[in-house]
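Colleague: Now for the letters of each chain:
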Amino acid sequence: MTASDVQKLFMTEAEELLTEMEDALLSLEADSENIELINQLFRAMHTIKGAAGIFNYSAIVDFTHPIETSIDKVRKNELKIDCALIALLLKCKDHTWALVNAAVEDDEAALNTLSIQSQLILTELGRHENIESCFPQTIAAEPITPERIEGHYLDTGHWLISLDFRADTLRNGLDPLSFIRYLHQLGQVLEVICLSHKLPSFEACDFESCFLRYRIIFAGNCTKEQIESVFEFAQDDCDIQILPSQKISESFQALIEQLNPSENQRLGEILLSIGAITEKELAKSLHLQSDNADDSTTKKLGEVLIANQLVDKPVVEQALKKQTQAREQAQTIRVDSNRLGQLINLVGELVTASAAMKVMVDRYHFLDANDLVGCVEHLVQEIRENALQLRMVQIGETFSRFRRVVRDVSNELGKQIELTIQGGESELDKIVVEKINDPLTHLVRNALDHGIEQPQERINAGKSAVGHLMLNAFHDSGHIVIEVTDDGAGLNPERIRKKAELLGLVDVNQVLSHAEILRLAFEPGLSTKEKASNLSGRGVGMDVVKRNIEALRGSVELDSELGKGTKITITLPLTLAIIDGFMVGAANENYVIPLNMVEECVELNQGEWHEQQKNYISLRGELMPFIRLKSFFNIPNANQYNHRESLVVVRFGRTKAGIVVDKLFGEQQTVIKPLGKMFQHLKGLSGATILGTGDIALILDVQGLITEVSISAKKYHHVALIDE
Amino acid sequence: MPINIVLKDQSIKVNLTEELTIYSVMEFRDALVGHLQPGVDISVDLSQVTEVDTAGLQWLLALKGLNVVQRVEFCHHSKAVIDALELSGLSGTFDDTIVISSEARV
Amino acid sequence: MNQLVNVGLTNSVGDITQYLTFQSANDTFAIGILDVKEIIEIEGITRVPMMPEFLCGIINLRGKVVPVIDLSKRLGRLSTVISKKSCIVLVEISHEDEQQTIGMLVDEVNEILEIDDEHTQPPPDFGADLRVDFIRAMGRVGEHFMILLDINYVLSVADISAISQLNFRTAEANDEVL
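Protein chains in written order, with my numbering: chain A, 1 to 724; chain B, 1001 to 1106; chain C, 2001 to 2178.
One or more of the hints may lead you astray.
Stated by the list, open to error - To give an idea of the chain B side of the interface with chain A (calculated C-beta under 7 Å), a few residues:
(1) Ile1003
(2) Ile1012
(3) Thr1054
(4) Ala1062
(5) Gly1089
The set of hints was computed from the structure by calculation and includes no laboratory data. Every residue, glycine too, gets a C-beta built ideally from N, C-alpha and C.
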């Protein structure tokens, strides 16, 4: 790994940590007591600081250190986390990212500017702390009234040492008092409680036996191990238990939380490493565990530890959680996405080569090889599916980033906007995810800026003061659908139309449906917003959004009702690389239809379908628009080819259409080769594929076709169609 | 003898000297046990106790817990006694009976 | 220097530049050799519907999809008639920071010639039936004149895709008339 590789890694990790930090801060707004979230903050700053130190990025270290200290104070309950602090920490997070970028790029100028900013932010942080630190310490140094035994001090970070001396202790030359004396040297013995109820009466008592038991509350700057060692010599004569108080237990949990999950760490090891148990205790417990091994109920180590009061339940649970985390993390591995891209390209080549092999086998009738070929094909298909799966990520990550955007923008504009996210688990190709970010951001900003109104305006319109924005994603026949919905002002069709007329896009007398008018919003130059804002310009860019999405072989649609809201639907193919295709022939040309959009195939002369009027056919009584592929594509000399025609019914969303072809070839794995920029305005074709024979077949863009077909079909039928 | 018992009417005055430890407790107990009668007051002077261990503590505790007698009282606790009581958290138990004499401040 | 069009500067070795010359539509053309990637035989050009006529189609170049343009048609002349000598000249042009490989269908490939600055002159202001921007300069070898093409314009991706868009709109309009 080169130096710059490592730096890039630092940047990637920093980005992840800072994203986590942001998420945690946003969640803390609603849930400010959540220690897990606070630890996440700490970890972020702590780790980045450490890594920055290795690279000598002193600017980052100097900035993150005081922040880490502040967060630590929050952890210890010395500083309270409130909205102001959260906002400040968000600023810190942003600034840290800027510093990371400048440092890795080695941008002196930027660093200089940023360092001034660092000072400002840290000063603000200092001011904040001073106000907050007049906070009464919750760690009690209060006068103690020994009420009852166990439990009293335990809320305040102390240990409860339980000593049950056995009868022969004194005879064996030991004196509990000497141990207690020693404890005084180790730390503060806050309270000693002597249990003497086992003591027999004076007359009958054998005073040389020990009947006393002690419960001691101890505080000290020492580990459990050290306390245990005090009683080293008493082990045979005394049952010793060292129990942490609630606070100590919590700090154990926090310690576990901060552990780097390393593979294969056993529960015992994890607990040992943070000092929640001592070696002796662990050995004893393991011993106990294996002793009972013959029982049908072998207790887990965690259970044994809890049962013997060596560790309390929350700590064990935390350790188990860390174990799972370690295991999960061990099961993930970072992969350079370029390598993944290369892998998928190779898989594509494999698909093509395997198809070519099949052609060869068929042509020369290698019957023996048929099974083998089938086997190879099947394997290739599986490899293909697995490889493509590697690149799938959940869209939820992208969606979550918008929380911050919504928050910042609504604050800036003085609007109240609530963001709902649904379907975040929907997966799609990483490359698509990256490319969809910009168009989505644009749409979201549009909705925030121009869509949702000011609270008063909303109230006046009879709506709730809080505006709603929803991001929704789901799968539909080989595509992923993303919806951006707002309950804002909606688009004004009148204004759109007028603007379109002004631009000459539409004739004054032209009749346009509501949908058609809305579609005009995607034309460049159309803006119905009089004022530009610095957020999203004039509210245009819809043409840019559309173009970006179409470049991904996707499509975008708009639905809006004036006064009610707007919904934008983006449809994207799940993968850009390899699909299952259905090959058909029209005249002498071959075309491939994405299989997941094929609903059925019907051969001619089955009496089920026939052409109604131009552009419509009826299939079993159902009417749908259709095209004859060879006519639609103007295939030269098409009439020479007189085949028995077939109808392929394709479906996209709720729309169905028919494609009349001459031949049906069947299913095949289709590696998508892009046609190139020269063909970008081509409608109805979305790519090419290389067949096993080396020939090229063009891939139909079903959605584009259906749209074109529906439009032209409608042009001819203004009158209601008569059913047969 | 490290234990000195003075009987007078219904009261027993006990003087302990030297150590109150595992080495002496049985002896001390045997010496006293015979005198325990209902209605008797026992007063134990601890001013000359040089050393107290757990066995000794048990002795004190058991004596204090006697219910056959009328009253048990301890006085002039020596430093050794006070230390032991404090270490074992029993100061409170013997609270009402601690009378600090000047000799005890050694 | 003077207003001589700087032809194929990057191809120069000293003042001399190497060109590939070829025949198309009864004329001799030349392009700078550094732009030429490969010359291949014609094998299975797949037609792409709804594209301008001068776009013959696409070919499979070792797993890559490459468009092929009929040079003659593109220059506004008649379609190339495919003969035994016809072949495809693969050139590489830049489009929006990307390198794109495009094939040119020609009647015949001739030879590689060296033409120096002295033997080139700017294109005629009139008389040529070609788009002016297609011509970089005129070259003279011996008695023959040949047209030094500016392939960045001839094979311009932006140009061609715009034309295809126009085509489509026209077709749509025609539909309406029906």
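Colleague: Give a verdict on every hint.
Modeller: Results for each hint:
Checking isoleucine 1003 of chain B against chain A by beta carbon gives a least distance of about 14 Å; that is not within 7 Å, so the hint is violated. Using the Cβ-Cβ criterion of 7 Å, the hint placing isoleucine 1012 of chain B at the interface with chain A is not satisfied: the shortest such distance is roughly 13 Å. At its closest, the beta carbon of threonine 1054 of chain B sits 5 Å from a beta carbon of chain A; the interface hint therefore holds under the 7 Å criterion. Interface restraint check for alanine 1062 of chain B: the shortest CB-CB distance to chain A comes to about 4 Å, inside 7 Å, so the restraint holds.
Evaluation of the glycine 1089 of chain B hint against chain A yields a held restraint, the C-beta minimum of about 3 Å falling below 7 Å.
Violated hints, in rising order: 1, 2; the structure is consistent with all others.
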